[in-house]
Each structure stands twice: as structure tokens, then as C-alpha cells.
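Enquirer: Position chains B and C against the provided structure of chain A, taking the given hints into account.
Taken in sequence, the protein lines are chains A, B and C. First residue of the first sequence: 1221, per our numbering; consecutive thereafter. First residue of the second sequence: 924, per our numbering; consecutive thereafter. First residue of the third sequence: 25, per our numbering; consecutive thereafter.
Keep in mind the hints are simulated off the structure, nothing from the lab. Predicted model only: the values in this text are computed from it and were never measured. Warning: the hint list may mix true and false statements.
[To be verified] Below are the SDA-like pairs computed for lysine to any residue, each with C-alpha atoms no more than 25 Å apart in a straight line:
| id | chain 1 | residue 1 | chain 2 | residue 2 |
| --- | --- | --- | --- | --- |
| 1 | A | Lys1338 | C | Leu35 |
| 2 | B | Lys1237 | B | Ser1019 |
| 3 | B | Lys976 | B | Ala1259 |
| 4 | B | Lys1337 | C | Ala80 |
| 5 | C | Lys188 | A | Ser1257 |
| 6 | C | Lys188 | A | Ile1436 |
| 7 | B | Lys1161 | B | Asp1336 |
| 8 | C | Lys188 | A | Phe1281 |
| 9 | B | Lys1185 | C | Phe157 |
| 10 | C | Lys188 | A | Tyr1496 |
| 11 | B | Lys1185 | C | Leu153 |
| 12 | B | Lys1314 | C | Ala75 |
| 13 | C | Lys188 | A | Ser1264 |
| 14 | B | Lys1097 | B | Pro1220 |
| 15 | B | Lys991 | B | Ala1272 |
| 16 | B | Lys1185 | C | Ile143 |
| 17 | B | Lys1239 | B | Gly1018 |
| 18 | B | Lys983 | B | Glu961 |
| 19 | B | Lys1337 | B | Ser1142 |
| 20 | A | Lys1241 | C | Ile113 |
| 21 | C | Lys117 | A | Pro1421 |
| 22 | A | Lys1241 | C | His209 |
| 23 | B | Lys1185 | A | Trp1261 |
| 24 | C | Lys117 | A | Ala1239 |
| 25 | A | Lys1338 | C | Pro302 |
| 26 | B | Lys1332 | C | Arg79 |
| 27 | B | Lys1300 | B | His1262 |
| 28 | B | Lys1098 | B | Ala1213 |
| 29 | B | Lys1300 | B | Gly1057 |
| 30 | B | Lys1300 | B | Asp1143 |
| 31 | B | Lys1120 | C | Gly152 |
| 32 | B | Lys1116 | C | Phe157 |
| 33 | B | Lys965 | B | Ile985 |
| 34 | B | Lys1146 | B | Asp1132 |
| 35 | B | Lys983 | B | Ala1272 |
| 36 | B | Lys1185 | B | Pro1220 |
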Amino acid sequence: MAAHAKRVRPGGLAAAGPAEKALRYALLLLVLALTVSPFLWQLSTSLKSLTEDVYSRTPTFLPEHPTLDNYAQVADAIPVWSYAANSLVVAAIVITGNVIGATMAGYALARLRFRGAKLLLGLFLATLVLPGEVTIVSQYVTVRSLGLADTLLGVALPGAIAMLNVLLMRTAFAAIPQEMDEAAVIDGATAWQRLRHIGLPNVRGMLSVITIFTFIGAWDDFLWPLIVLTDPDHYTLTVGLQYLNGTFTSNPRLIAAGTMISFVPIVVVFAALQRYFFRGVEEGAIKG
Amino acid sequence: MRRYWSGLGLAAVLAAAGCGLGDTGQPAAAPGATATGEVKGKVSLQTWALKPKFTDYMQKVIDSFEKKYPGVEVEWLDQPGEGYSDKVLSQAAGGSLPDVTNLPPEFALPLVKQGLLLDVAQADPAVKDEYVPGGLSAYTYPGVQGVYGYPWYLNTDVNYWNSELMAENGLDAKKPPASFDELVAQARTLKEKSGGKVYLMSRKPELGDFVQAGVKLMSDDGKSFTFNTPEAAALLDKYRDAFKDGLLPRDVLTDTYAGNAKLFNEGTVAWTTGGGNYITSLAVDNPSLAPKVVPSPAFGTPPLYVQGLSVSAKSKNTPAALALARWVTNAENQAAFAHLVAIFPSTKASADDPFFSKSDGTNAGDAKVMAFAALAKAKMLEPVALTEAMKKIVKQQFALAISGEVTSKEALDKAVAKCDELLQN
Amino acid sequence: MTHRRWFTPWLLVAPAVVWLLVFNLWPSLNTVVLAFTNAKPLGGGHFTGLANFARALDDSQLTDALVNSIVYMLVCLPLLTMLPLLLAILVEKRLPGITFFRTAFYTPVVASAVVVALIWGWVLDDRGLVNGFAQWLGVVAAPVPFLTDRWLLLFSAISLTVWKGLGYYMIIYLSALGNVRRELHEAAAVDGAGAVRRFWSVTVPGVRNTMLLVSVLVSVSALRVFSELYVLSNGTGGPGGRDMSVVMLIQLYTRGFSGHLGYASALSIVLFVITIGPMLLLLRLDRKAA
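Just chain A, same shape as in the assembly (with noise of 0.2 Å):
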């Protein structure tokens, strides 16, 4: 890796004026008051007290006495806990699948030449269109016949390698300069060799990217986590917030409570990628 191509940064033309700067940041103001109030409205429905109206007419944004005991009541209704630990592990298995599944396909698609590729192609982009109000269909008998039914590991399974996800990656190899490749060729290298030395180190920033929407995804789900799981020890947080909505009883506020604390990971896995959304092509260095 080229250490000079360390200190670019990415989209940085010249150093930015204050002008420039201060219209930036009067956009991202602008988008973020668009953004960012159902976020708000939850931590603080989250944070009011049982003495506060919850839906009135005209709600305040501010709790007036903010209190932690929703999240205390939340953690002590539901094994919290327990719930958020299944869902790593759901997760865990679906990032894992799609980053090597989809990387390998997504190279081969882009950067390899053979028989019926274009065909696979047209296959993969079709799965984006068909019906997919049906395809959970299948899914749970095919499950069920592997014998993983009531099991992490078949609420993990059918989204192991997403097709959207080969798609993303077979854009971002394809945008990686022949030139690099084909000097690789020329150097003897391997198909395998041109991946993981030139491939790989170009597509980080899809990668994490795959890798935040797989999380979301799989964190997220909720019916099909709902119908393979039969043991309600085995559910996952978003099944297992779900008993915040009884049958006589559902309190806006611990939903909002419960809704934050499934909502922290996301922020963090999302904080923590973003970042590598710019280890483009510069950074990746053209040395290969």
C-alpha cells in the first residue's frame, strides 16, 4: 500500500474556504432537522416519565421529568440480554456468508470471462424482481426439511448470500481499472492472486457497506425469525421486544425504550464502518 496515498483525502480538492465550509454545514443542518426527528421522538417518548402525556395534542419534544426507569422496566420485563445476543449470532452468520459469498461471486461476474456469466447475471437481477411476497414461502420448508427449524442457524440461513448484495459487489469490482488487472495478468497472476490483491483492497468501502445492510437486515427481521423460532428462549431482540406490546397492556414509552436499545448497534456498527465508505481506489494503491 502506497503510504503517500494515505494522506489524500478522499474527495478533497483544495482546502475547503470558510464559505464553503459554512454552506456545507448549512445543508447538513438542513437534511439533518429532516432526518433526524422520528430518532428524537423515540429517545425522548423513551425518556418521559409515567406522569407525562404521551399523546396529546400538541406533545412536548422534551421530557419534562426524563427518567431511565423505561429502560430499567424494559431490561427487567425481557431477557434483553439473551434476545441480543441470538440476534449477534443471526447476524454474525448472515455478515460472514454474504461478505465471502458475495465477494467471490461479485469478482468472478465482474472480472472473469466465461461461459453462461451472462446468463447468471441476468438471474441474479431477475431475483431482485420476482415475487418475493412468496419466496419466505419455501424458505421455511426448506428449513424445516435441513432440520433447522427452531434454530439460529435456519433464521440465518436463506439470507446467508443476498443477491442484491453479489450485484453490489460485482458494480464495485467492475469499477476497478482494467489497467490493474491486466498487468496482474501479465505478471502471472492467478485469479485467486488478482482477488485478493487487487480485488479485495478496492472494494472495502462496498464491503462495509454490504456488511451495515446485512446487519440492519438481519437485526431487523421480524417474521421470519418469528416463525422458525418456537422456543421463545431462542427469539431474537426484535421478536422478543414484541412482548412490550401486550395483549392489555402496551406502554408507548417502554416500545420507545425498547425500540433505542435495538436501535445502539446499528449506530455503532454504522459509526464504525462508515469511515472505510472512501478506501476507494486511491487508497488501495495501483502497486498490485
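Expert: Only chains B and C this time, still in chain A's reference frame:
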């Protein structure tokens, strides 16, 4: 949002999941099974969204059952509120229905048609003497012999009025309207006095309202819908006129039933209907509003809501399953349940319990007593054959009629035609 | 590209192909079979030939739904192809606190449907923020029926889709922007090209492939919109159900114990046939680019 997505097609699991495409459309005769045999071994019980609030109660009921029958072991599964029908559906199709399952009557019907539930009256004839007729009839279906669930708890609707909003606008919550025409008149007063800021009415008519107006919803043989009558059109017309005069908020066109309660909680609407426990739950959502709410009995025939415990026909331990279902729904356990939350027991023995007939003087207590009194004449207003899809289509057509874009007659004809199509296909 | 072992590409795609067959193509085949039956969730069904498709032809709700879906796609396509790219450019540059902004912009994607519905209802309903403001300004006399009029409801849902989509597609663009070579930007800057020129002559060509992919994803998900319309209309699809999308219609017939799986499957196939259009278009553009 992903949640909604994943909900799609879930049902389709089942078509593929082993039922295949064979011809099993005929209502199966209830498999005969007897309650005789020793109560022991493993038995599973599935409830709906009782954890964590009622964990202690249920655990106590189960423990006492295990104590009464040594050698029996109960596996209690409580499912979350959302997605319950999908869950039960996949269990039914996958042959993994728990021995005892909490099923509302409309969930039980399709399972009965497939012969998946046990006729508890045949297995346990005493059922007919011990539970109230309204509860039993909820689990009795036209064209099928037998009773397919132990009635568990009952509820009905009571009218709730926001006394503060009404007083501010020249109305008295102690003298609520007694008929539909009075309701419209008071709604007009409220609108005029408040300058259109608050409303009295915020609910579209439902098929249940047609029943009140004397409209017959289905033919006697249960093979077609019949609610496109002039009387029904006249009622819709009244709503349309009220809507046009601004007596209902425009949200009623798209709001589901819950929308009305939401508007009430916000203090935008002065009238809602709800179960006997409504004020108690309102006290959580909007503690400042709850004390200002005044209950009154429902208009006309009160609706009846029934929950029950059904026993799987494929249970490997029928004697224990029956004993468990009966145990959970017995008078003593139901009464204990009713003391925790405002529901009403389905057992005849509970009728004389003063707990239900005497108010503690609070508005919540008054509501409970009113609801209990209403149970005696409450009826299930909508036929169990009415599926979710039909309900939605009816709702859509009613909204269209009320918005004035089509005549009430056109909307009713279309709704009936669509529902018939769904019923017969 | 040449490589010595012919089977290497196949080894690489093998796992994905297995998943493709087992979890994607096979279930879809099942849908096709169901479309010719009157299957119910519990208990069977008969072969009914083309009856479901005949019924679909006659279904006025399907016509409405198709019109909605196409309008939806036509409006979303330009907005969601361009706006997230601009947003990605905005957050690309490292400024103090940029991590916070990036994360915050992504939150609508993961916000719960219930909360989104609550907030948007609060913004758009008759007594909501927008109407309150408009009436205060005196722009309108009566509240604008954003959530109950057929077309306004559709456009409200579209704005919700755009709002949610911003963060989602922003991320895909961000990863692609890293690949736009800096030298090109610099060369253009030296040539005296302004920011707008550089955007069109450097950035857009640099992320062209990604734009194509995004535009397909946008069109397909617009044609298959569900949650936004569902949430804003509380699941009713508006008066007369005229704001239902095709997927809402499919859902209506699929859900529950008495679902009409056969008909729902037939509707799925109709939807599939329609969504394949933008897909083929992309393949053609892709080939031209190659």
C-alpha cells in the same frame, strides 16, 4: 418497515408446507377423542401476549395444575402480540400446533374446517353447563357439529366521553346521546361551539352498526352477503351528510378502528368506545385525561369479544390437554385473572361475584360494571366468516361512500360483490 | 481476461448459485404453480387454469394499483437517483462532526414504521404541521387533504419514500465516490471547470455504473412499494382502496387464515412481468457501457 414487508406471503408458507395441493376443502368431521385416561405427561400451552405483565398469574395457574396432577408437566409458550395469526398458521400447517392454544373464534374456524381442533363438548360434556352460552356459541360454527374451544375471557364495548371537552362546548357527558340521531345533533353542537377544532364522532360505520339498524349481514345458509339493503344505504347516507357538514374529522376516511382511540387520547375527539379496561390503559398513555372520562353503556346491542382455549385434535396427550384447558378457564382462575385486568369470566359460576357488579366509585370501576352488565345482552355482531380481506374491502367502500364520491348504494353493492367473490373462492 | 483453469469462475460463483437456486428460484417456481390454483393457506386447492388471471383482468383495484405504481416509479426515479448522489457529495468531505451527520442521515432507513407513521401523520394530517402553517399564512382556507385525497396521498407517500431512500442510496454512492479518481477532479479544476461542470463531467461519469444500479433499485422498489402507502393510509389504501399498490393488494389476499394464495400468486406474477421492464433496460445500458 421491514416488518410489514416480511409479513407478505407468509401465509403462503403453508400452501407449500406440506398441505400440498390435495383436495381437503371439506369441513372435516371432528375427530372423536375422549377425555378418559390419566392426566400425566407433557402438555404444551400457548397463550397470546401475556408476558411479562401476567407471567406471575399464569405461572401460578400452571403450578397449581401441576400440583393437582402430579406427573404432568406443562410447557408454557407465550407468543408476542404481533404476527400471532402467522405463527399459528405456520404451526397448524407444520403439524406443530401446541396441545392447548389460545385462539379467538375467527382464528379457530379455519382450523376447525381442517379438522385440527377437538370438539371439546363431545370430549367433555360438562362444558355446556359450566360456561355462558355467549362464550360457547362463539366456538360453535354453522355447518359444523360441536364446540371447539373452552371460552376463556369475555369483553364488550362501553362508550367513553371526554367530559371536559363536552363541558367546554355546551354538552353534558352525564347526558350522552342515546341514539344515532342524538349523536349527530350533539356532534353538531360541539363542532359549532368549538369552531370545528374538536369532534364528537370519529368513527366510520362498521358492519356491526348495520346489525344495530336491523340489517341482515349474511344469508341464512352463510353462502352470501346481504348487507346492500336500503336501510344500510340510509345509514351510510347519514354518515355521509355528517361528514360533509364537518362533523367527523377527515381522518376517518383512512383511519382504522384504532384511529378513533388515538384521536380520543389526544383530546381531539370527545367520544370513543372501548373495553371495560380502557380507562386503566388510558391512564398510562395520557394520565391527565383519564380522570375526565365518563363511561356510558354502548348504543343498542353491545358487541361481544371472546377469547378461548382450543385443544389440538392431534394432541398426543388429550386427557392432559383437556384438563389443562379446563383448569385455566375454570371459574376460580378466571376470577383471579379478572381481578388483575378488566376482563370478564366466561364461567356461569362467576356471574354472582360482587366484584363485577359493584363499582369502586372510580370512573374505571363504573366502566367495568357497565361492561359486565352489558355482557348479558352482548352478541358477536360480525359473522366469523368475515375475513380480514373482506373487512378491509368493506372499510374501503364505506370510506368512498362517506367521502361522497360514489353513492352509498354503489359502494354497498361493490362491497357485497367483492365479499361474495372472496367467500366463494 | 484469460485464466488458466476454466473452473475457477464457477468455484467462485458456486455458493451464490446454490443460494440463488434454493432460496430464490425454487420459491418463485412455487408461486408460479400456485397462480394456477385456488390454494388456501390451510388445505389444498384445485387447478383452476387461467381463472386467477381472468379475475385480475377484471379487478378495478389492480388497475388503480398499477397506475399508482407507475406514477410512483416515474416520480421517484429522478429524485432518488440524483438527490442521494448530491447528499453523498455533501457528506463525503471530512469536516468536523461529519460522522455524526452521516449516521443521522441514515436513521430514517432504520426508524420503526410505527414511529414514522406517527410523525408523518403529525406533519401531514388535517391538523398537522404543514396545514397549520399554511393556514396561519393564509395560503389555504381549508386544510389540504394530504392523507385522504387519492393523488395527494400518493404524493405524500412518495415524499416519504424519498425521505427514507436518501440515506440508503447515499451509502451506495459514497462507496462509489471513493473510486472517482482525484486526478480527474484536479485536472478539471485546473482547466477552470466550476463545481457544476465537474459534477457532470467527472463525478457523474465516474459513478455511472452505480447510478444505473441505483436507478434499477429505485424503479423496482417503487413499483413494489408497500410500507409507505400502508403506513400513511393506516393499511386502508385510502377511500375505496384506490391508493393501494400492487404489493398491498397481494398482501390483502395473502394474509390470514383464509388467504387467497392462488389469486395473490397470480398478482405476483403480473407484478413480476411489469418490473422486468426496467431491469431489461438496465441490462441494455450495461451492455452498451461495456
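Enquirer: Going back to the hint list, which numbers does this structure go against?
Expert: The structure conflicts with no hint, since it agrees with every one listed earlier.
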